[in-house]
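Visitor: Residues per chain, in single letters:
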Amino acid sequence: MNSNSIDVAYVAGLARLELTQAETETFQKQISSILDYVEALQRIDVSSVADNPIDPNLPTNVLRPDELRPSLTAQDVVRNAPKSANNLVIMPKIVE
Amino acid sequence: MPYEAVIGLEVHVQVKTNTKMFCGCKNEYGGEVNTHVCPVCLGLPGALPTPNEQAIVKTIAAGLMLGCDIAPICKFDRKHYFYPDMPKNYQITQFDLPLCLNGGVLLEKFSFPKDVQKEEQALAGKKVRLTRIHLEEDVAKSFHFEDQSGIDFNRAGTPLMEIVSEADMATPEEAFAYLTTLRQIMVYGDISDADMEKGQMRCDVNVSVRPVGQKEFGTKCELKNLNSISGVRRALQYEIPRQIEVVSKGGIIRQETRRWDDAAGQTFLMRIKENANDYRYFPEPDLLPVRTDCGLKAEAETMIPELPSQKKARFMQTYGLSDYQAEVLAQERPLADYYDEALKTSIQGVLIANYIINDFLATNPDLTNLPIPASHFGELAELVGSAKINSKQAKEVLLEMFSSHQSPLSIVQEKGLEQVTDLAELEIFCDEALAANERSVADYKSGKMGAINALKGYVMKKTKGQANPGVIDEILKRKLI
Amino acid sequence: MSLYQETIASLRRKLTAKEISPTELVQSLLQRIESVDPKVNGYLRVDSEKALAQAKNCDLSKPLGGIPIAIKDNINEKGEECTCASQILVGYQAPYDATVIRKLKEAGAILLGRTNMDEFAMGSSTEHSSFKKTSNPWKLDHIPGGSSGGSAAVVAADEAIASLGSDTGGSIRQPAALCGCVGLKPTYGRVSRYGLVAFASSLDQIGPFTKTVEDSALMLQAIAGQDHYENTSRPVAVPDYTASLQQPVKGLRIGIPKEYFGEGIDHDVADALQKSIAWYQSQGAIIKEISLPHTHAAIAVYYIIATAEASANLARFDGVRYGHRTSTVGDPLTIYRKSRAEGFGPEVKRRIILGTYVLSSGYADAYYNRAQKVRQLLRRDFVTAFQECDVLLTPTSPTPAFKAGEKMNDPLKMYLADICTIAVNLAEVCGISIPCGFSSNQLPIGLQLIGPHFQEGTLFRAAHAYEQAHEWVKRHPQF
Chain A
1 MNSNSIDVAY
11 VAGLARLELT
21 QAETETFQKQ
31 ISSILDYVEA
41 LQRIDVSSVA
51 DNPIDPNLPT
61 NVLRPDELRP
71 SLTAQDVVRN
81 APKSANNLVI
91 MPKIVE
Chain B
1 MPYEAVIGLE
11 VHVQVKTNTK
21 MFCGCKNEYG
31 GEVNTHVCPV
41 CLGLPGALPT
51 PNEQAIVKTI
61 AAGLMLGCDI
71 APICKFDRKH
81 YFYPDMPKNY
91 QITQFDLPLC
101 LNGGVLLEKF
111 SFPKDVQKEE
121 QALAGKKVRL
131 TRIHLEEDVA
141 KSFHFEDQSG
151 IDFNRAGTPL
161 MEIVSEADMA
171 TPEEAFAYLT
181 TLRQIMVYGD
191 ISDADMEKGQ
201 MRCDVNVSVR
211 PVGQKEFGTK
221 CELKNLNSIS
231 GVRRALQYEI
241 PRQIEVVSKG
251 GIIRQETRRW
261 DDAAGQTFLM
271 RIKENANDYR
281 YFPEPDLLPV
291 RTDCGLKAEA
301 ETMIPELPSQ
311 KKARFMQTYG
321 LSDYQAEVLA
331 QERPLADYYD
341 EALKTSIQGV
351 LIANYIINDF
361 LATNPDLTNL
371 PIPASHFGEL
381 AELVGSAKIN
391 SKQAKEVLLE
401 MFSSHQSPLS
411 IVQEKGLEQV
421 TDLAELEIFC
431 DEALAANERS
441 VADYKSGKMG
451 AINALKGYVM
461 KKTKGQANPG
471 VIDEILKRKL
481 I
Chain C
1 MSLYQETIAS
11 LRRKLTAKEI
21 SPTELVQSLL
31 QRIESVDPKV
41 NGYLRVDSEK
51 ALAQAKNCDL
61 SKPLGGIPIA
71 IKDNINEKGE
81 ECTCASQILV
91 GYQAPYDATV
101 IRKLKEAGAI
111 LLGRTNMDEF
121 AMGSSTEHSS
131 FKKTSNPWKL
141 DHIPGGSSGG
151 SAAVVAADEA
161 IASLGSDTGG
171 SIRQPAALCG
181 CVGLKPTYGR
191 VSRYGLVAFA
201 SSLDQIGPFT
211 KTVEDSALML
221 QAIAGQDHYE
231 NTSRPVAVPD
241 YTASLQQPVK
251 GLRIGIPKEY
261 FGEGIDHDVA
271 DALQKSIAWY
281 QSQGAIIKEI
291 SLPHTHAAIA
301 VYYIIATAEA
311 SANLARFDGV
321 RYGHRTSTVG
331 DPLTIYRKSR
341 AEGFGPEVKR
351 RIILGTYVLS
361 SGYADAYYNR
371 AQKVRQLLRR
381 DFVTAFQECD
391 VLLTPTSPTP
401 AFKAGEKMND
411 PLKMYLADIC
421 TIAVNLAEVC
431 GISIPCGFSS
441 NQLPIGLQLI
451 GPHFQEGTLF
461 RAAHAYEQAH
471 EWVKRHPQF
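Chains A, B and C are the protein sequences, given in the same order.
Everything in the first sequence is counted per the working numbering, starting at 1 for the first residue and increasing by one.
Everything in the second sequence is counted per the working numbering, starting at 1 for the first residue and increasing by one.
Everything in the third sequence is counted per the working numbering, starting at 1 for the first residue and increasing by one.
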């Protein structure tokens, strides 16, 4: 894996982070060097670890009964919203 | 060159539970905005999900009813995308280990629109295969105003089943039938109310066209904003010819998302699907895996009712109902249960079916709150079956039953409708009739068979119409030899 | 000794005997804070009125009744601002209590104030706080460690009797070592994470900073237990932790993992550790040299898994429902991009980008999935070690506290300092740091004990015995 393959601007876009040119350049260098470091993982023999999508160490079936728990009031819900009206959280118009 | 359509449906069904999928907020449509919200479904910092056992059990039940394989173990995953109706900007869903795999939906005649029920496609008994069913959380609801949008998080976190079909459907009517059947099963099993108007069942359509006989699929378009089952049919009735027109003129279909406008009767381009979203799925670290084979599947099995198709077959076999009658009664569970209840008090299956279908349903009763005890229909059927009243009188009784909700027995008694079945009494009336109608007697004996009607009429008048015409006929004929 | 210098255990005795009142105690601390916090800068917010009101109303019959405790600013406390030392959460007022806060309140504790930290718990020096820098109470131009630097410093400087922090890769243990106090990271799933602003969901744990091991046991007793609001908190019974304190260390099998004593360890640290090992041996503990062969991979595994999970956990900070929203006018996409750009500091941005990348299409397999597999190998190392050892003993930090600003230009260099603590989180086991000496320039050195899953009692046993036989607890920083 070539660590220089990270396109910081593209990845920042995926993460909805606007970066300045300077930030993009700095992060490109720093993250590339981190990726160089983690490259070492490629050389570790993981053949003894089964290809299991589920971690076998985890307990299972801790489930919640279908019973009501307290909710917030509408006032509490919108209290921290940067913009709200009539107990709705307001955003600029969302065009689908 | 003839073209055919290839249609696959992705249906989201809200699961009917008390609380949401990952928190204890009330799962209810239509509450005051933002009153069923907590740190979890609002996506506050520090909040964590806890999985609703009942939602999982009901999803397994749905899978069983649809003939799916239930995964012995499954997990949840995070699906990442940013959108204002997403409290966490990732959705907790199931990616590679869904609860249910495979299964299918059988398209039966009566699930097709009425106008095509006699066509080949409605009689073909096609089975639409399912790919999978998984469980996830619903997003919040946005209200759009002139230059801003308001978000209500009441819906956020509602348990949502995603049912994905294979691209097995070929016509708008098959899509209609598929959705109708799916909805019926959800309602039947008490999994969901599946009311499309309330967003409890939502449908996205994937449709492409190809020359008949071609194996490869054409490029598909995704249709959105389909708000009713008939709307899905209409949208496909527009879209399929649209695509065919494009390709038959040598054009190409791009992979697009198109919005159905029911009022305009057309689909419009929403966006071009260039690159698939990078959802960056990974297993949800805040949730433990779920085994279905140590109790959940067993619990789901106890929840499964006799399905509509099974009920229908039973009604036809056991009670001798016609295809049509059995279909009508089996369609909605409250009605089917009502019919079964009535059959506890009488064996007159066909009679009761007639009364319910021909007379009762015409009064548009509230199926969730039927005003007349089912046993009344049984009682009425027994009265007719044992010839205590005749079928004409039965109609009279029914009308009275509907308006006063009284039992048939009490109505018959009150109105003195009880057929005169005392044979001795009838003999006397018949003798009287013969004595009072010498002319008719003579006519009958000379070969005019119709003359008996006057004599019958006489007896019916005497009995105030409460004698059984068949019995009178018999007695008279005997006396006229 | 002033009241503010005392421990939970000693104060509980005095409070229940009515020798002192909660109000006196709080006042003593408030005065101490006023006197030294302008130098230490451990606190972000102290509400004196609220603290005194709690002092009036607290229930002394409860296990922590009347004890003032400081809280790291990433734990939701109803009615309090919870900033995670980030601009993106300035003004966010928590509408609910974290489970640990509810438990502390039920235990009668007094919540004294909110402490400084690295932004979103990402850092090892508290220099990444967007508000201010916290100083190491022993040398004010040195860092206190991180990310729970504020919580460590206020306990070390006697500005709180105890505090809560969070530990994802060492963020309790390392600052405890650097500040000369006791810091415990419980087993993953021991203490509820509900209400802790998530950094890395599969690694985070809340834990206490205290002056003594006994106090640490008392704190854990109050906050441990399965929580029905957190699916991953484990259904393991909470034992009586103070019962383990008096058990002797004779016969205790102590593993010394050779990978933790290599070249990167500072000479003074190595020296202090060797003396400690010798002490345990003199008490009849059985010392075994062992190997945790995959140690060298721990940092790489951590920085892939932790940043991946963090990139997802921090996606919710988008200016929509709470926190900072940009004043730039635009569509929702603009709101996201600008709010997040304005609200997050550089270390957070760096980790979000790295985390997003290692999960992204085409790279997830090589990075995220592989790191999860290597994590299993790391976990196995510990499980194997604990088959023949009861605890492991290592340095907590390869060096004592470094000077402020020394590592800020090289993120990777900062990450490498986590080498002693990080594998403990990856293996989900428990670890405690206790003071074991001072460097030649008078900075504290910490000794880390690592225990098997849910065996905090063994940690307390080994740690308490050491502490009682040494005088490190008696030294206090001078101001």
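Calculated from the structure, these hints are not laboratory results.
Worth double-checking, as some hints may not be accurate.
[Stated by the list, open to error] The calculated SDA-like cross-link candidates involving lysine to any residue, where the alpha carbons are at most 25 Å apart (straight line), are: (1) A:Lys93 <-> C:Ser327; (2) B:Lys141 <-> C:Pro332; (3) B:Lys26 <-> A:Lys93; (4) B:Lys215 <-> B:Tyr188; (5) B:Lys16 <-> A:Asn61; (6) B:Lys16 <-> B:Ala170; (7) C:Lys373 <-> A:Ile94; (8) A:Lys29 <-> C:Ala404; (9) C:Lys78 <-> A:Ala85; (10) B:Lys224 <-> A:Asn61.
[Claimed, not checked] Pair ranges (Cβ atoms, derived): (11) A:Gly13 <-> B:His12: 20 to 30 Å; (12) A:Ala50 <-> B:His12: 19 to 29 Å; (13) B:His12 <-> A:Val95: 46 to 56 Å; (14) B:Lys344 <-> A:Val95: 34 to 44 Å; (15) A:Val95 <-> B:Pro371: 45 to 55 Å; (16) B:Asp69 <-> A:Pro65: 47 to 57 Å; (17) B:His12 <-> C:Glu263: 14 to 24 Å; (18) C:Glu263 <-> A:Pro65: 20 to 30 Å; (19) A:Ala50 <-> B:Leu361: 34 to 44 Å; (20) C:Glu19 <-> B:Ile73: 30 to 40 Å.
All residues carry an ideal CB built from backbone N, CA and C; glycine is no exception.
Visitor: Work down the list of hints and note, for each, if the structure agrees.
Guide: Structure-based check of all given hints:
1. A:Lys93 <-> C:Ser327: Cα-Cα ~16 Å, so holds.
2. B:Lys141 <-> C:Pro332: holds (15 Å)
3. B:Lys26 <-> A:Lys93: violated (28 Å)
4. B:Lys215 <-> B:Tyr188: violated (37 Å)
5. B:Lys16 <-> A:Asn61: holds (21 Å)
6. B:Lys16 <-> B:Ala170: violated (31 Å)
7. C:Lys373 <-> A:Ile94: Violated - the C-alpha atoms of A:Ile94 and C:Lys373 are around 41 Å apart, more than 25 Å.
8. A:Lys29 <-> C:Ala404: With a Cα-Cα distance of about 23 Å, the restraint between A:Lys29 and C:Ala404 holds, given a limit of 25 Å.
9. C:Lys78 <-> A:Ala85: Given that 25 Å is the threshold and the Cα spacing comes to 23 Å, the pair holds.
10. B:Lys224 <-> A:Asn61: violated (36 Å)
11. A:Gly13 <-> B:His12: 20 to 30 Å: The hint (20 to 30 Å, Cβ to Cβ) holds, given that A:Gly13 and B:His12 are roughly 28 Å apart.
12. A:Ala50 <-> B:His12: 19 to 29 Å: Distance hint for A:Ala50, B:His12 is violated at roughly 34 Å.
13. B:His12 <-> A:Val95: 46 to 56 Å: About 22 Å separates the Cβ atoms of B:His12 and A:Val95, which means 46 to 56 Å is violated.
14. B:Lys344 <-> A:Val95: 34 to 44 Å: For B:Lys344 and A:Val95 the Cβ distance comes to about 58 Å; the hint is violated.
15. A:Val95 <-> B:Pro371: 45 to 55 Å: Holds - the Cβ-Cβ distance for A:Val95 and B:Pro371, about 49 Å, lies within 45 to 55 Å.
16. B:Asp69 <-> A:Pro65: 47 to 57 Å: violated (27 Å)
17. B:His12 <-> C:Glu263: 14 to 24 Å: violated (58 Å)
18. C:Glu263 <-> A:Pro65: 20 to 30 Å: violated (55 Å)
19. A:Ala50 <-> B:Leu361: 34 to 44 Å: violated (60 Å)
20. C:Glu19 <-> B:Ile73: 30 to 40 Å: violated (58 Å)
The earlier numbered hints that this structure contradicts are 3, 4, 6, 7, 10, 12, 13, 14, 16, 17, 18, 19, 20.
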